[in-house]
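Q: Now for the letters of each chain:
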Amino acid sequence: MATTDSVFESSSPSVRPGTELLVLLAAMTPEQREQILANLATSFPADGLVIASPDELPTDSEAPFRMIAAPASETSWTLTAADFINAYQLAEKNEARAILMLSRESGSLGPSALRDLANAVLAGSTDLAVPCYDLPPRTGLVNSAIFYPLGRALFASPVRFPLAVDLGLSLRMAERLATAAHRLTALNQAETPLWPVNEATVAGFAIGQFDVGLRTLPQPGGPDLNTILPLLTGSLFSDIEAKAAFWQRSRQLPPAEKNRPMSPASPPEAATDIAPMLQAFRLAYTNLNEIWSLVLPPNSLVGLKRLSTSDAAAFHMPEGLWARIVFDFVLAYRLRTINRGHLLGSLIPLYLAWVASHVNVTASGVDPASHIETVAAAFEADKTYLVSRWRWPDRFNP
Amino acid sequence: MQPMFAVLLQSAPNQASRPLSADNGSIWHHMADALYQSLDRILSLLIAVLPGILAFIVALAVFTLIGMVVSSLLRRGLTVARFDEHLARSRGGLDWAPSTSPTAVIARVTFWASVLLGLVLGVSAFDASYSTATTLPSSLLPYLTRLVGAAVLLVAGTLIARFLARSVLIGAVNEQLQYARFLSLGIKWLVLVLTAAMVLDHLQMGGNIVGLAFGILFGGIVLTLALAVGLGSRDLVSRSLESHAEQSGERGVAPAASSTSGSAESIRHF
Chain A
1 MATTDSVFES SSPSVRPGTE LLVLLAAMTP EQREQILANL ATSFPADGLV
51 IASPDELPTD SEAPFRMIAA PASETSWTLT AADFINAYQL AEKNEARAIL
101 MLSRESGSLG PSALRDLANA VLAGSTDLAV PCYDLPPRTG LVNSAIFYPL
151 GRALFASPVR FPLAVDLGLS LRMAERLATA AHRLTALNQA ETPLWPVNEA
201 TVAGFAIGQF DVGLRTLPQP GGPDLNTILP LLTGSLFSDI EAKAAFWQRS
251 RQLPPAEKNR PMSPASPPEA ATDIAPMLQA FRLAYTNLNE IWSLVLPPNS
301 LVGLKRLSTS DAAAFHMPEG LWARIVFDFV LAYRLRTINR GHLLGSLIPL
351 YLAWVASHVN VTASGVDPAS HIETVAAAFE ADKTYLVSRW RWPDRFNP
Chain B
399 MQPMFAVLLQ SAPNQASRPL SADNGSIWHH MADALYQSLD RILSLLIAVL
449 PGILAFIVAL AVFTLIGMVV SSLLRRGLTV ARFDEHLARS RGGLDWAPST
499 SPTAVIARVT FWASVLLGLV LGVSAFDASY STATTLPSSL LPYLTRLVGA
549 AVLLVAGTLI ARFLARSVLI GAVNEQLQYA RFLSLGIKWL VLVLTAAMVL
599 DHLQMGGNIV GLAFGILFGG IVLTLALAVG LGSRDLVSRS LESHAEQSGE
649 RGVAPAASST SGSAESIRHF
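Residue numbers (this note's numbering), protein chains in the order written: chain A, 1 to 398; chain B, 399 to 668.
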């Protein structure tokens, strides 16, 4: 199942005997934990492994691994700044050479996937091992619409899931992430997500991407899209702003990635109803046009006007338009054109319009992975626009 | 009133017996005297206030000039010392926008602090000269201060009204409420009405009428909204809420199925 990404790694290095790996588990149900422990038992020798878990530790003295308590994280569906601090502190305390962070539902990761992620960082050839999940076509759409294309265009990173919930970290990578996380915790933002791929790219660390097969991604429990999307995009835009000196330099973009196998597409009758998303977009167009006009250039506004009048069946947001919209929002975030909360809130209906368009495109027979690559390519092609306006924001922009 | 009429009636025969030219000369003489006296009073007042105004202008101009010089020196000094870079390094590589760089902010704050100081000293100088000018209405200066306070209140109220209106508009649109704009406008005008009442109260204009009118207006708006929701728009609101309840499931981050088809495929945003 797990294959090493040819872009970064040619083979999975083997673990040296006597090495120690810290596995940091998120809070999860006992059944999930049992499944993960079973997978770890088949993947690694017990003597070189330390398991840290925030849940109640099993009292069974015959447990194959050394188990320690870890601080509980408030956010359980993604890795936050607090998680990275905990991971580094535990690794230092236990003198671990590498860390494997596993989130909720990671029982769905097979033993070979765990081996690949851990061995890469234990062997020292990779500082950050990132999984490439095999998800159903209409899953992880925020990642496909914003995170992946932005990471690819700005940081020349082919990592398909920049906000992956399972990671392999070398000790120096963990230290760097903990340092970045400390800055956030100092600002009372311990539950803000970090962007490990961007950190590793800026630091010049080696990144490895590994196909890990099917994975059930944990979903946020309480808050809805209206809360989480601004949180994540705000965090990413801040990271982009902080690393502007790095990404403004032109970089060698990785070769176009071969289409990764995705889960089989749904049968034609299992269509997704895009009407609610279109309704949300049209309602926003009639009400938020005044706010969008502060952020977007006239060309994009004309594109949105056309979209607002198009039929549901023919609804398609051009990839170039979406790239331009996201870039303009990044710029407005940097320039504080309007209040940042308002800015990110007004991005939600536009994102829903992209989702509706993506659903329509994939329903017409286009491979979802291929469409996502097309979107990423549009972001890459338009990067010069972002760089130019970042440097000279007051120039004429039709 | 009656004694005044009596005096007028008594003086009328005497006036008729006087020659017309002598009357005209006397009237013009009296008018000229009155005008000269008025002019004299105005000029005296101006002469009394002029040093104060001059002191105010000089203080403001001098401190503005000092502010410009100090701000410019600070800007150059901090740029040479690479203050922004040092701060960015200590704060974790934050990249500042040119218009909001720490150096620019410090220079701007210094300049405006200097202007403010000049303003305060100017007003003090004016106040000192005003106390000698006894003819100046005693309530003018305090009222000017109130005027500034009212202007600040007005600006702050307008900004808050716009911020809240936008917040409500975006929030309501994302919740897919059809009456998002209506809500946003309602909030905006409520805050503006509140601001107007506060400004008038601060200026001590209108007395109790403002408070009374504000209470009636504010209460009226709230009552109207309550009645609209409770009676008039009951169906509209219930339809909107039902539609929202249906859609919230679909738009949530958890997997959701389309409402139109049992076999519809789920969408996961994360």
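Just so you know, the hints here were simulated from the structure itself, not pulled from any lab data. Glycine residues also receive a C-beta, built at the ideal position from the N, C-alpha and C atoms. Just to be clear, a hint being listed does not mean it is correct.
A partial selection of chain A residues facing chain B, derived with a Cβ cut-off under 10 Å [said to hold, decoys possible]: (1) TRP77; (2) ARG138; (3) LEU163; (4) GLY213; (5) LEU214; (6) LEU217; (7) PRO220; (8) LEU225; (9) ILE338; (10) VAL355.
Q: Classify the hint on A:PRO220 as holds or violated, based on whether any CB of chain B lies nearer than 10 Å to its CB.
A: holds (5 Å)
Q: Against chain B, with CB atoms and a cut of 10 Å, does the hint on A:LEU225 hold up?
A: Result: holds, 6 Å to nearest chain B Cβ.
Q: Double-check A:ILE338 for me: the hint is only fine if its C-beta lies closer than 10 Å to a C-beta in chain B.
A: Nearest chain B Cβ about 8 Å off; hint holds.
Q: For the hint on A:VAL355, just tell me whether its beta-carbon gets within less than 10 Å of chain B.
A: holds (7 Å)
Q: Grab the minimum C-beta distance from A:LEU163 to chain B and call the hint holds if it beats 10 Å, violated otherwise.
A: holds (9 Å)
Q: Does the CB of A:LEU214 sit less than 10 Å away from some CB of chain B?
A: At about 14 Å, which exceeds the 10 Å cut-off, the nearest Cβ of chain B leaves the hint on A:LEU214 violated.
Q: Tell me if the interface restraint on A:TRP77 is satisfied: Cβ within less than 10 Å of some Cβ in chain B.
A: holds (7 Å)
Q: Per the CB criterion, is A:LEU217 less than 10 Å away from chain B?
A: Result: holds, 7 Å to nearest chain B Cβ.
Q: Can you verify the interface hint for A:GLY213: is its Cβ closer than 10 Å to any Cβ in chain B?
A: violated (17 Å)
Q: Have a go at the A:ARG138 hint: is there a Cβ in chain B nearer than 10 Å to its own Cβ?
A: This hint holds: A:ARG138 lies near chain B, its Cβ roughly 5 Å from the closest one there, short of 10 Å.
Checked against the numbered hints given earlier, the structure breaks hints 4 and 5 and satisfies all the rest.
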